[in-house]
Amino acid sequence: MSDYKNPRSPESSHREVGHREEHGTLERFPDPGMPEHQSRMSDRDPKAAKRAERQVVLLFMVSILGTIASLIFYFAFRPDGTTAGVRTSTLSLGLAMAFALLGIGLGAVHWAKALMSDHEKVDERHAIASDAETRQGAIAELTAGADDANIGRRGVLKGAMISALALFPLTIAVPLVSSVGGDWNVSKLKHTMWEPGTRLAIDPSGRPIKAADVTIGSVVHIIPDVEAAERETHEWITEKSKAIVLLVRLDPRDLKADQSPAGETWSYDGIVAFSKVCTHVGCPVALYEQQTHHLLCPCHQSTFDVADGAKVVFGPAKRPLPQLPITVDDEGYLVAQSDFHEPIGPSFWERLK
Amino acid sequence: MSSNGNAPTTRAGKAADYLDQRTSVGSAVKEFARKVFPDHWSFLLGEIALYSFIILIITGVFLTMFFVPSMALVEYHGPPATMDGQLMSDAFASTLHTSFEVRGGLLMRQIHHWAALIFMAAIVTHMMRVFFTGAFRKPRELNWLVGTLLMILGLLAGFSGYSLPDDVLSGNGLRITDGVVKSIPLIGSYLSYFIFGGEFPGDDIIPRLFTVHIFLIPGLILALVALHLFFVVLHKHTQYPGGGRTDKNVVGYPLFPVYTAKAGGFFFIVFGILALMGATMAINNVWSYGPFDPSPVSAGAQPDWYMLFLEGSLRLMPGGAEFVMWGDWTVSLNVLIPAVVVPGILFTFLFVYPFLEAAVTKDKREHHVLDRPRNVPVRTGLGVAFLTAFIILALAGSNDLIATHFHMSINTITWVFRVLIFVGPWFGFWITKRICLGLQRKDRELVLHGHETGRIVRFANGEYIEVHRPLDEQERWLRVNYSAHTPLEVEPATDSRGVRRKGYAQDKRMQRLSRFFYEDRIEPVTPAELAAAHSHGEHDAIAGGEHVEITSGAAVGGGRDLVEPDAENDGPPRH
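Chains as they are written, first to last, in the numbering used here: chain A, 1 to 353; chain B, 354 to 928.
The hints are all genuine.
Over the 10 Å line for every Cβ pair with chain A, so calculated as not near, a few chain B residues:
#1 Gly413
#2 Tyr593
#3 Thr714
#4 Lys795
#5 Arg868
Quick list of in silico lysine to aspartate or glutamate cross-link-like pairs, EDC-like style, CA-CA up to 20 Å:
#6 Lys589/B - Glu719/B
#7 Lys388/B - Glu124/A
#8 Lys188/A - Asp681/B
#9 Lys388/B - Glu120/A
#10 Lys240/A - Asp556/B
#11 Lys491/B - Glu124/A
#12 Lys601/B - Asp31/A
#13 Lys601/B - Asp123/A
#14 Lys121/A - Asp392/B
#15 Lys491/B - Asp131/A
#16 Lys240/A - Asp557/B
#17 Lys589/B - Asp131/A
#18 Lys113/A - Asp392/B
#19 Lys121/A - Glu384/B
#20 Lys717/B - Asp860/B
#21 Lys601/B - Glu124/A
#22 Lys113/A - Glu36/A
#23 Lys589/B - Glu124/A
#24 Lys188/A - Asp557/B
#25 Lys388/B - Asp118/A
#26 Lys589/B - Glu120/A
#27 Lys113/A - Glu400/B
#28 Lys786/B - Glu798/B
#29 Lys383/B - Glu124/A
#30 Lys589/B - Asp123/A
#31 Lys240/A - Asp646/B
#32 Lys353/A - Asp681/B
#33 Lys388/B - Asp123/A
#34 Lys240/A - Glu428/B
#35 Lys601/B - Asp131/A
#36 Lys121/A - Asp600/B
#37 Lys786/B - Asp724/B
#38 Lys190/A - Asp681/B
#39 Lys188/A - Glu350/A
#40 Lys188/A - Asp556/B
No lab work stands behind these hints: they were computed from the structure. Here a beta-carbon is modelled for each residue, glycine too, at the ideal position from N, C-alpha and C.
Please model the entire structure based on the sequences and the hints provided.
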């Protein structure tokens, strides 16, 4: 009577009521076996099956139409170089392609779900491990092979082979490593192209800027003044990556401090110039808040106080942005007094060496 | 076939015979054609990952036909008008050419980019499915490692591809990479030179990334995908618990024809949806950012979603962690911790978890029936803690967008996330574990007392009770078919002769960890408990309560757990 004594019977129904004493003898419930199969509409009703078949055919037809539409759109919408033209071409080709693909996909899945047999099958699993006999066989084969080669008794030979294998990658690695890092001169990280007397020029036009052109509260993106032709080389992009500067003119009364050492003046009449490369991981620090004199790095929100020597007031950077010592030349142009006095940009292990 | 005289006559038969005589394909077909796979929507997540990868290869080959992986500077002439006459690299110029002048070029670019995002999303959700259902247990631990490696390779593939157009946005991404690499003690600067062929950005990085993106990483991914699928076939797929599904069998539909149609069709569905996305949703319009220039930067720039956690990690770290040690060497812990240590911890957790759980469970059996997440509360809790950390970091990577969208102070948001990254995972763990235990208790309750039917019955003595309908055996089996692991027992510190035992301290540590995992547990209902519940348990448990004797034929039971009898099998009334 109790199903617990007859665990594998799929027909067994639920009968707790009554015969309770017998239940207590089992530690765990038995597996009730596979649930009863539920037949689908298309199994029971030939009309439904026929309807499903027509739906699948229709979906495959949609795919064919999608492909044809795609070809038509290809000829109909030639990209004319405008954004609108590209949008039309992309949209029409993409939609047609989507229909071509979805027709196939939905058709195949619908076919499988509605028309193919949905009776579940059961496969047996076998232990993943090989059996003891196979393992012994494998060990015997390996032992026989090792004996054939006499590996155990030829220690020197073994050592020589391993050494040779370990050394040969050097034939590739040495030439690669010698050249892969360019000249490997990492001390270049510590210098920029700013030199005493280099004029400050506006980025990106390259026009030198006079102190008189900078009004209080304004902020100017600065690059070193070089020949226009030089600015069209790759070396320039690399140099510019280090040399970019942000120039701000404050009311001299607001300027609490800059980074000038005793006896020197690195700013000029409220004009201060700081490296634009963040001391965190090197993004350009480009967002200036006029009211608070704060410079914000848009990448990770390190915030520097321009009125106070570009000290960090918030965020993941530790060091102030290095200051570029500036002054004016005879013609009133802003010029650098020297290069930065410390490496710009993100910290690295030997930056202070 | 032909050797035994039964020469095939049909064309297909002849072709099969030709092939079989040279490849013995017959035995492979016999072995695999009707191989059974179980069916569940969550098994599709891995398929989506595989199919997006195939789509990435198809669209990627299209793109390589037109992309020029060079940083040589050219003056560009062509659409769009805003870019005409600008100085830019070949890479950027060819990206514009592909987008504006190659028909279907922009479509392919957009499908490629969306497919990359979906690829990573599918991998991550697939890993979540595998983690929460315990599919990584023996014998699949190694395949979990392969999968985790694939996830990391996917990150690298996405990152290297993202940088190829050489636009301002991706250039700044590379610059961040450069800053992170430089923070590595001792070798940082040299590693940066190694990657960029000199100082950042130089003119080597795009061709190098190109090789990495279209050859090295896809090659590795292909090899590991093959290994991953080989393991799936070798182990046979896991299955969800249910009647008739055991660790000794696999229940489902045959590869041919059901999965050939379903999985094959699903590839086209994934491709179709990606085509729809590529057609209608613009992504990475590099011409609105412009070619790389080290100076400009735009606010509110976000990396692709799977990189957000690293970005957020960088944003949260306070700068004070950088210091200069003796000898004037600079140690940028403010970069090293968030960009190297934090992902290191996250990835290490993924790599070691299966082995850790196996060690604290001392479970050597093969598992092919999946766990319901509630039945392993600590694992589920740890998974949620991990996800919480990941999501908080990703949100922190968008703190500027949160600030501008919700008009909040970015400093406040950052501080809230700085606290949340410690509190959030802990809270996530705690609440998830509680919920799991609660759900297990609910399962017990259901098994013992049945479903509430909403039918209220009044007895002659005036008592009202609700009739409960017992679970059918499939419902019950789902709720009782698991084992609640118990914490490890360790041998005493000294043996019978009082000599201190070697390895005791290690055992003790493992036991503590095991207790953390399995101290709180809910055992599944046993047949004895069910029988007891129906004969007296609940009834007697009502302390001091009125003992109602019920002899009604319509409802049998007592107290709150009245059981409705089967219509065809009215049990005898109780007592």
